[in-house]
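Protein chains: 2
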Amino acid sequence: MSEERVKFVLDEPEIPTHWVNLMADLPGDAPPPLIGTPPTQQPAGPDDLTPIFPMALILQEVSAEPEIEIPEPVREVYKLWRPTPLYRARRLERELDTPAHIYYKYEGVSPPGSHKPNTAVAQVYENAQAGVKKLTTETGAGQWGSALAFACRLFGLECEVWMVGSSYDQKPYRRSMMETWGATVHRSPSDVTEAGRSQSAHPTGSLGIAISEAVEVAAQNADTNYSLGSVLNHVLLHQTVIGQEALAQMAMAGEEPDTVIACVGGGSNFGGLTFPFLRRVIRGQAKTRFIAAEPAACPTLTRGVYAYDFGDTVGMTPLMPMYTLGHGFVPPPVHAGGLRYHGDAPLVCGLVKQGLVEPRAYRQNETFEAAVRFARTEGLIPAPEPAHAIRAAIEEAEAAREAGESRVILFGLCGHGHFDLSAYDAYLAGQLEDPEFSEDDLAAALASLPEAPALA
Amino acid sequence: MSEERVKFVLDEPEIPTHWVNLMADLPGDAPPPLIGTPPTQQPAGPDDLTPIFPMALILQEVSAEPEIEIPEPVREVYKLWRPTPLYRARRLERELDTPAHIYYKYEGVSPPGSHKPNTAVAQVYENAQAGVKKLTTETGAGQWGSALAFACRLFGLECEVWMVGSSYDQKPYRRSMMETWGATVHRSPSDVTEAGRSQSAHPTGSLGIAISEAVEVAAQNADTNYSLGSVLNHVLLHQTVIGQEALAQMAMAGEEPDTVIACVGGGSNFGGLTFPFLRRVIRGQAKTRFIAAEPAACPTLTRGVYAYDFGDTVGMTPLMPMYTLGHGFVPPPVHAGGLRYHGDAPLVCGLVKQGLVEPRAYRQNETFEAAVRFARTEGLIPAPEPAHAIRAAIEEAEAAREAGESRVILFGLCGHGHFDLSAYDAYLAGQLEDPEFSEDDLAAALASLPEAPALA
Chain A
1 MSEERVKFVL
11 DEPEIPTHWV
21 NLMADLPGDA
31 PPPLIGTPPT
41 QQPAGPDDLT
51 PIFPMALILQ
61 EVSAEPEIEI
71 PEPVREVYKL
81 WRPTPLYRAR
91 RLERELDTPA
101 HIYYKYEGVS
111 PPGSHKPNTA
121 VAQVYENAQA
131 GVKKLTTETG
141 AGQWGSALAF
151 ACRLFGLECE
161 VWMVGSSYDQ
171 KPYRRSMMET
181 WGATVHRSPS
191 DVTEAGRSQS
201 AHPTGSLGIA
211 ISEAVEVAAQ
221 NADTNYSLGS
231 VLNHVLLHQT
241 VIGQEALAQM
251 AMAGEEPDTV
261 IACVGGGSNF
271 GGLTFPFLRR
281 VIRGQAKTRF
291 IAAEPAACPT
301 LTRGVYAYDF
311 GDTVGMTPLM
321 PMYTLGHGFV
331 PPPVHAGGLR
341 YHGDAPLVCG
351 LVKQGLVEPR
361 AYRQNETFEA
371 AVRFARTEGL
381 IPAPEPAHAI
391 RAAIEEAEAA
401 REAGESRVIL
411 FGLCGHGHFD
421 LSAYDAYLAG
431 QLEDPEFSED
441 DLAAALASLP
451 EAPALA
Chain B
1 MSEERVKFVL
11 DEPEIPTHWV
21 NLMADLPGDA
31 PPPLIGTPPT
41 QQPAGPDDLT
51 PIFPMALILQ
61 EVSAEPEIEI
71 PEPVREVYKL
81 WRPTPLYRAR
91 RLERELDTPA
101 HIYYKYEGVS
111 PPGSHKPNTA
121 VAQVYENAQA
131 GVKKLTTETG
141 AGQWGSALAF
151 ACRLFGLECE
161 VWMVGSSYDQ
171 KPYRRSMMET
181 WGATVHRSPS
191 DVTEAGRSQS
201 AHPTGSLGIA
211 ISEAVEVAAQ
221 NADTNYSLGS
231 VLNHVLLHQT
241 VIGQEALAQM
251 AMAGEEPDTV
261 IACVGGGSNF
271 GGLTFPFLRR
281 VIRGQAKTRF
291 IAAEPAACPT
301 LTRGVYAYDF
311 GDTVGMTPLM
321 PMYTLGHGFV
331 PPPVHAGGLR
341 YHGDAPLVCG
351 LVKQGLVEPR
361 AYRQNETFEA
371 AVRFARTEGL
381 IPAPEPAHAI
391 RAAIEEAEAA
401 REAGESRVIL
411 FGLCGHGHFD
421 LSAYDAYLAG
431 QLEDPEFSED
441 DLAAALASLP
451 EAPALA
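Going down the list, the protein sequences come from chains A and B. Here the first sequence is numbered in this note's numbering, starting from 1 and rising by one per residue. Here the second sequence is numbered in this note's numbering, starting from 1 and rising by one per residue.
Excised from the complex, chain A in its bound form (with noise of 0.2 Å):
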């Protein structure tokens, strides 16, 4: 036993120096964004997204290069964190009692404590370079707001956040940690907003509705940018620093994944570490699977339908071509604050549609148990969006076991359950509510899709 190991590391000078554009790979032509109502419906330009983002990271939205450097001073903020542990789950396998080996790469290390600065960093930089003084966003369990404050800090850009209600009433220290790095915090729905006082029926709020409030102070000042922590293609670019690591560290293990495993809420931590690894795929130089894990209380890409959509509550984004359940869907207050969004990023929607990720949903309370199981074998503690992947990992581990085969099982541990604990207090009181979506629910839903042409 003394010679196995636990952890793979890699040094400073190994965190990548470029960015994989899935894009550049992906067979077909992606269905376009639309901006306006039907019937002026027009594929989104670039012009169109210039009131609320920098040129430099739309040019990277819209990029057909394999490839994209990373500015020397976003991986000089990198360093602060990166590159993050992978880890060989061996007292989990041991629990288990499952030939699997298991591995996880662990984002949660970075001082927000996700994976959500990979992206943070490298936004602010780009504003920053373009003058912009100001970023607004919106935040759902926390970790995205923590992660833009936490940037804008370091690059001396100011920080508004709109808090999705539920979560800030949930996790009070979240907010406490934007405020200790110098960001403004609103519950949302906030009184400070059109889109918030027309939203104010909907107590607990969603991203859907904190989104349309940060965007509408960005898009009536000039010096303010918008920020958005998924969805978008440059915001999954960025995240792929966590795919790109994982690959060397498997290759440090001696071992090849047959499955990789990561939650999906806006799509950011799936691709980023998914998308190197599908690459490779679909150059057909590995053959993996692919899942990705949501929750039942919001089964975007299990239930949801593929359509064009708006990417806010309130429809003022362009119409994005992704599996949704309805932008007007407000998702029930499920602790994965970070997976509570009607739609998906279309990059992760349009592999889904194509069959080269394999989605599933899981219950609230399958999740926190299999989260439990998780802290008390490997130690730390799980924040309940990756819990989602840990559960799917199980379920692959016991799979594997029945089966009598060693299967080799990746999944992303984006980040840590420290601003969760009163989900595990209610869990281990067996107090968590454990919210259905019923057949009239989905119904309900997609009423809210707005008029478009539909998707192949």
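Incorrect hints may appear among the rest.
For identical chains, the list gives no copy identity; a pair is met inside one copy or between any two copies.
Calculated lysine to aspartate or glutamate pairs in the DMTMM-like style (CA-CA distance at most 20 Å, straight line) [to be verified]:
hint : residue 1 : residue 2
1    : Lys7      : Glu72
2    : Lys79     : Glu4
3    : Lys353    : Asp25
4    : Lys7      : Glu76
5    : Lys79     : Glu93
6    : Lys79     : Asp11
7    : Lys287    : Glu255
8    : Lys79     : Glu366
9    : Lys79     : Asp425
10   : Lys79     : Glu95
11   : Lys287    : Asp440
12   : Lys353    : Asp47
13   : Lys7      : Glu436
I should point out that these hints are in silico values taken from the structure, not numbers from a laboratory.
With chain A's structure known, arrange chain B on it following the hints.
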């Protein structure tokens, strides 16, 4: 800038194989602990400790060997987070405009979030080897209780924790963390022990009271032992993995520290970082200054007396030779709960007495000012305890700037502040209390000193 190192990372095989026992290198004989009340006081021997400690730990407590091998199962658990990173604080240096080079050793990457599991794992292992079924302990800020809960879970022991009342109220999620790992947590003073009931007049509690409660339960149950998170020789011994790694990492950086700084409550973090460096000084191999940073509200080393005193409030432990404010002293509820202790490790106190270590005390608000400054430059949000070390490091870096000298400063960042954000909230709102410690407070505290032989 691109080639500037920020992190110095060791690989898993470089986890130390031995602990450093500074006892073997100390000049002269240390005064022994004493058992009993006058006039029958006798030096405490190994047999006096067997009711609450396993023999393997007692032998470590009194060992004269310069190094003690780390059992392989302990080293195996260390792999879950060790080696920990050493950082060069380049952003803080720039902010301070100092020619000093500032390094910090970060122990917050452990699952419980501090250095405490370094000894928790070692103690639980030896108790498990001895057939013990359950461990009791006290916890101040919750760091130690979390570490013991974590370690007990990994080795299959029960864990029962008395948490100091003021911390229990300030940090509810520390309790949730311990429960997630399966421990039972009481607010101290509790009504489940004689010691707790006798101290119910102290509603905020103290480490001394909580120790009395945990020792009482361990002494009364044959299959239950007590585990202490600091103060004792064997606890400091286990923590020396920190300083050994830091020595190797400073060598990677190609620098020799002029000053090594750590906060001190019971002394385990201080001893863990400094002892491997101190041994080199005692052996004439290096010249290094050592600074022990403590809270001005509990100024044990800076204003206490060097005398025999009890380790707990009720007087159940042996009498130990140390700087103390008197075992009856209940410090005000400052947020650095881990530093609210009337005494300090006899080993550390002896080094202060000999002039090898310089103690300094800091007020709560100036400590949080340093913590926020650090968070806003280096990103990581420190626990209130190591914020005292940060304050001292900033003072030293500013002194270097004024002297126009490039000095090398190393400090211990022994834990993150993810469970301390209510204190940051209060500081940012200008509502943080800043308790003083008057001459009258000192006189009242010292009145609780027991009758005992004088120390030289």
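Now for the hints, and whether the structure bears them out:
1. In the homo-oligomer, the alpha carbons of Lys7 and Glu72 lie at most 20 Å apart only across protomers (16 Å), although the nearest pairing inside one protomer, at 27 Å, exceeds that limit.
2. In this homomeric assembly, Lys79 and Glu4 come within 20 Å of each other (Cα to Cα) only across copies, at 10 Å, whereas the closest approach inside a single copy is 27 Å.
3. Taking CA atoms no more than 20 Å apart as the test, Lys353 paired with Asp25 passes inside one copy only; the shortest distance there is 16 Å, against 68 Å between copies.
4. Taking CA atoms no more than 20 Å apart as the test, Lys7 paired with Glu76 passes between copies only; the shortest distance there is 11 Å, against 24 Å inside one copy.
5. Within a single copy, Lys79 and Glu93 get their C-alpha atoms only as close as 31 Å, which misses the 20 Å cut-off; across copies the closest is 16 Å, which meets it.
6. Proximity of Lys79 to Asp11 under the C-alpha cut-off of 20 Å is found in both arrangements, the shortest distances being 10 Å within a copy and 17 Å between copies.
7. Taking the closest pair of Cα atoms, Lys287 and Glu255 come within 20 Å of each other only inside a single copy of the chain (13 Å); across copies the shortest separation is 47 Å, beyond that limit.
8. Taking the closest pair of Cα atoms, Lys79 and Glu366 never come within 20 Å of each other, the shortest separation being 36 Å inside a single copy and 29 Å across copies.
9. For the identical chains of this complex, Lys79 and Asp425 are neighbours neither inside a copy (34 Å) nor across copies (28 Å), given an alpha-carbon limit of 20 Å.
10. For a Cα distance limit of 20 Å, the shortest separation of Lys79 from Glu95 across copies, 18 Å, qualifies, whereas the shortest one inside one copy, 35 Å, does not.
11. For the identical chains of this complex, Lys287 and Asp440 are neighbours neither inside a copy (39 Å) nor across copies (75 Å), given an alpha-carbon limit of 20 Å.
12. In this assembly of identical chains, Lys353 and Asp47 lie within 20 Å of each other by CA distance neither inside one copy nor across copies; the values are 29 Å within and 71 Å between.
13. Taking CA atoms no more than 20 Å apart as the test, Lys7 paired with Glu436 passes in neither setting, with 38 Å inside one copy and 46 Å between copies.
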